[in-house]
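Protein chains in written order, with this note's numbering: chain A, 1 to 275; chain B, 276 to 592.
No wet-lab data here; the hints were simulated from the structure.
Please note that the accuracy of each hint is not assured.
For lysine-lysine, the following BS3-like pairs were computed, each having C-alpha atoms within a straight-line distance of at most 27 Å [what the hints assert, rightly or not]:
no.	chain 1	residue 1	chain 2	residue 2
1	A	205	B	340
2	B	334	B	375
3	B	491	A	76
4	A	205	B	334
Simulated restraints, written as ranges between beta carbons of each label pair [said to hold, decoys possible]:
no.	chain 1	residue 1	chain 2	residue 2	range
5	B	500	A	148	31 to 37 Å
6	B	500	A	19	40 to 46 Å
7	A	19	B	487	53 to 59 Å
Keep in mind the model is a prediction, meaning the values are calculated, not measured.
Ideal Cβ positions, reconstructed from N, Cα and C, are used throughout, including at glycine.
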Amino acid sequence: MTGGPGARFLSDCEVLANDEVAPEQWRMRLRAPSIAAEAKPGQFCMMLTNPTQYPFLRRPMCFEQIFDQEVTILYKVEGEGTALMAGTPPGQRIQVQGPLGIGFDTDDDAFARHIIVAGGIGVASFPSLAKALTARGVIPEVIIAARHAHLILCEDFFRELGCEVHVATDDGSLGEQAFACDVLTRLKPDSDTRVYACGPMIMMKTTSDAAIAAGANCVVSLEAQMACGDGACLGCVVESTEEAEGEAMVRVCVDGPVFDTTRIDWAAHNLAYAP
Amino acid sequence: MPRDATDTDDMNLAVNMGGLPMKNPVTVASGTFGYGQEYNQYFDITRLGAVTTKSLSLKVRAGNKPPRLVETPAGLLNAIGLQNVGIETYLSEKAPFLRKQGATIIGNIYGHSPDEYVELASRLEQESAADAIEANLSCPNVHDAKTASGAVLVSQDPDAIIEYTKAIRSATTLPLFIKLSPNVADIQEPALAVQEGGADGVCLINTLLGMSINPKTRRPRLSNIVGGLSGPAIRPVAVKMVWDAARVLSIPIIGTGGICTANDAIEFLLAGATAVSVGSMTFRQPDAPMQVLDGIKTYLKQHRIERVEELIGAMEV
Ligand SMILES: Cc1cc2nc3c(=O)[nH]c(=O)nc-3n(C[C@H](O)[C@H](O)[C@H](O)COP(=O)(O)OP(=O)(O)OC[C@H]3O[C@@H](n4cnc5c(N)ncnc54)[C@H](O)[C@@H]3O)c2cc1C
Ligand SMILES: Cc1cc2nc3c(=O)[nH]c(=O)nc-3n(C[C@H](O)[C@H](O)[C@H](O)COP(=O)(O)O)c2cc1C
Ligand code: FES
Chain A
1 MTGGPGARFL SDCEVLANDE VAPEQWRMRL RAPSIAAEAK PGQFCMMLTN PTQYPFLRRP
61 MCFEQIFDQE VTILYKVEGE GTALMAGTPP GQRIQVQGPL GIGFDTDDDA FARHIIVAGG
121 IGVASFPSLA KALTARGVIP EVIIAARHAH LILCEDFFRE LGCEVHVATD DGSLGEQAFA
181 CDVLTRLKPD SDTRVYACGP MIMMKTTSDA AIAAGANCVV SLEAQMACGD GACLGCVVES
241 TEEAEGEAMV RVCVDGPVFD TTRIDWAAHN LAYAP
Chain B
276 MPRDATDTDD MNLAVNMGGL PMKNPVTVAS GTFGYGQEYN QYFDITRLGA VTTKSLSLKV
336 RAGNKPPRLV ETPAGLLNAI GLQNVGIETY LSEKAPFLRK QGATIIGNIY GHSPDEYVEL
396 ASRLEQESAA DAIEANLSCP NVHDAKTASG AVLVSQDPDA IIEYTKAIRS ATTLPLFIKL
456 SPNVADIQEP ALAVQEGGAD GVCLINTLLG MSINPKTRRP RLSNIVGGLS GPAIRPVAVK
516 MVWDAARVLS IPIIGTGGIC TANDAIEFLL AGATAVSVGS MTFRQPDAPM QVLDGIKTYL
576 KQHRIERVEE LIGAMEV
C-alpha cells in the first residue's frame with residue numbers, strides 16, 4: 001500500500017537474523033523492501049511484538065541501518081515487549097509499520113562540523129545518519145556514552161566509517177569516566193556545529209544545554225510512550241516552546257521524533273516521569 | 276479476504292443507527308482514529324459504516340501535560356485531556372477531506388456547558404460537516420465540566436444528562452447520540468436519561484477510570500494521576516453495559532470497548548448494540564476496523580445469516 005509522499009506501509013516482514021550482540025542488546029535484521037525504500041535516518045517503525053494481545057501496544061523502534069531491501073533494528077531488552085522481540089527466531093514474520101516520523105536532515109550543508117552524541121541504546125539512531133553524512137563527504141565526530149562498558153555499541157562501525165569516536169562511561173569501565181555533555185563541551189562545538197543527540201531524556205537535555213551554551217545548533221531524537229505512532233491518539237506529546245494553544249504540544253511520532261532542541265520546552269518537561 | 280472486497284455481496288450489512296443509515300455497523304471510537312486522514316493510507320476509510328471524529332471543542336485545546344499514556348494488562352490508560360484542533364479548524368481542514376472521500380461522519384463534540392454543545396452541534400449541521408452528532412458527556416480526563424449536583428462527569432448525573440440532551444436536541448435535526456461513562460453504579464439510569472432527553476442513540480462505553488503507579492519512582496505513571504482504561508481489558512464490562520442498557524431502551528446503541536476482532540463485535544451486537552466502534556485495537560493493528568468488517572461478513576456467510584440486523588440483541592439464554 002502506498003500513500004504518495006511520505007508513504008507509510010503496514011507489512012509482514014521476515015526476520016532474517018536476530019542476534020544478541022552484547023548482554024541484553026540485540027540486532028534484528030528484517031526483510032522490508034517497501035519500508036527500506038522509503039526510510040530515512042532518524043525515522044522509526046512500530047513493531048508488533050506478539051500474536052496474542054499481551055503486551056497490547058506495539059513498540060517504537062528506529063532504523064539502525066537502512067539497506068536496499070532490508071533494515072536493522074538495534075534494541076535493548078527493557079521489559080516484556082523487547083524480550084518477546086529477542087525471542088523471535090529468523091524465518092518468522094513480524095508486523096512492522098513504517099517508516100514513521102520526521103528523521104534527521106542529512107542534506108543541510110549550513111554546518112561545517114557535525115557531532116553525534118549517543119547515550120546508551122540511543123546510539124541505534126545514528127549508524128544510518130553517519131552513513132548518510134559520510135556519503136556526501138561529511139565525517140561526523142561521535143560521542144558514545146553509556147552507564148557501563150558493555151552498553152557501548154557500534155564503536156567499530158563509526159571508526160570504520162572514518163569517524164573520530166569518543167567513548168565515555170558513567171563508571172569509567174570503558175573510555176573516560178564522564179557524561180556525554182561534558183565530552184561535548186570539551187570538543188568545543190561552535191556556531192558552525194550541528195549536534196545530534198539521542199538517548200535518555202535527561203541525557204538529551206544536558207547535551208542540548210551544553211550545545212546551546214556553546215552556541216551550536218542542536219537536534220534531539222526524543223522518546224515517548226506511543227500508542228498509534230501515526231499522529232492520531234495524541235498520547236506521545238511533549239511541551240513545545242510555541243505560545244499558541246494549538247501548538248503548545250508537539251507529537252513525537254509525527255512532528256518528530258527529531259526536533260530542533262529550541263522547539264522543546266525542556267523547563268516544562270518533567271523528567272521524573274521517565275519510564 | 277481481499278482488502279478491496281465489495282461490501283455489497285448477497286448479505287445485507289446495513290443498519291439504521293437512530294436515523295443514520297450506515298452501510299455496515301462498523302465505525303471507529305472517537306479519539307482513536309484522529310480525523311480519519313491518518314488512516315486512509317492503510318485502508319479506504321469510506322468502507323467504514325461511519326468515521327467518528329476526535330472530540331471537537333469550540334476552542335483549540337492543548338490537553339493534559341505528558342505523560343499521557345501508560346500500557347496496562349491487555350490495554351492502556353490515557354489522559355489526553357481532549358487535545359483537539361477546535362471546531363473551526365475541523366470545519367476548514369478536516370471535514371473537507373472526509374467529505375471529498377465520501378465518508379459518513381459522526382461528529383463527536385465536547386463542551387463546558389449546554390450552550391457550548393448547542394453551538395458545536397449547530398456549526399456541524401450548518402456546515403454539513405457531520406451526518407450525525409455524538410456528544411461526549413463522559414470524558415474522564417478533563418476537570419472543567421461542572422454540573423449543578425457537583426458530579427464530576429455530566430454523564431454521572433441523570434438530571435444533567437436530560438438537560439444537556441434536550442438542549443442539543445433542540446439545536447440539531449441530525450441524528451443525535453450521547454456517549455456515556457461506565458463509571459456509574461447502574462448504567463440503565465443515564466441511558467434512560469438520554470432517551471428521555473430526546474436523543475436518537477447511546478454510545479457505550481467511554482473509558483473506565485483507572486491509575487497506575489511506578490514503584491521505582493513512587494510517582495503516578497500519568498501526569499494527570501488518573502486516566503481512562505481502554506482495550507480488551509474492558510470488553511466484558513462494556514458488553515454487560517450494552518446488554519443492561521439494551522433491555523430498557525427503545526433507542527439503538529453503539530457498542531464500544533476493547534473490540535479487536537469480528538467475534539468481539541458480534542458479541543456486542545448479540546448483547547443489543549446496533550453498531551460497534553473499534554477503538555484502541557487500531558493502535559495495535561491500523562487496519563483493525565477493516566478486519567472486523569471482513570470478519571463480520573465471513574461470520575454471516577458461515578452462519579447463513581442474510582441481514583446483520585438479525586444479530587442485534589439475538590443472544591440466546
Ligand atoms: C521513536 C522511538 C524510537 C525508539 N528506538 C529504539 C531503538 O532503536 N532501540 C531500542 O532499544 N529502543 C528504542 N526505543 C525505546 C523502545 O521503544 C522501548 O525501550 C520499548 O518500548 C520498551 O518496551 P518493553 O516492553 O521492553 O519495556 P516495558 O518496560 O515493559 O514497557 C512498558 C511500556 O512502556 C513503553 N516504554 C518503555 N520504555 C520506553 C522508552 N524508553 N521509550 C518509549 N516507550 C517506552 C513501552 O513501549 C511499553 O508500552 C525507541 C522509542 C521511541 C519513542
Ligand atoms: C487515546 C484515546 C483517546 C480518546 N479520546 C476520546 C475522545 O476524544 N472522545 C471520546 O468520546 N472518547 C475518547 N476515547 C474513548 C474511546 O472512544 C472509547 O470509548 C474507549 O477507548 C473504549 O473503546 P476501546 O477499548 O475500543 O478503545 C479515547 C480513547 C483513547 C484510548
Ligand atoms: S503515538 Fe499516537 S499521536 Fe503519537
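Outcome of the hint check:
no., hint, result
1, 205/A x 340/B, "holds, 18 Å"
2, 334/B x 375/B, "holds, 25 Å"
3, 491/B x 76/A, "holds, 20 Å"
4, 205/A x 334/B, "violated, 32 Å"
5, 500/B x 148/A: 31 to 37 Å, "holds, 34 Å"
6, 500/B x 19/A: 40 to 46 Å, "holds, 42 Å"
7, 19/A x 487/B: 53 to 59 Å, "violated, 34 Å"
Hint compliance for this structure: hints 4, 7 are broken, all remaining hints hold.
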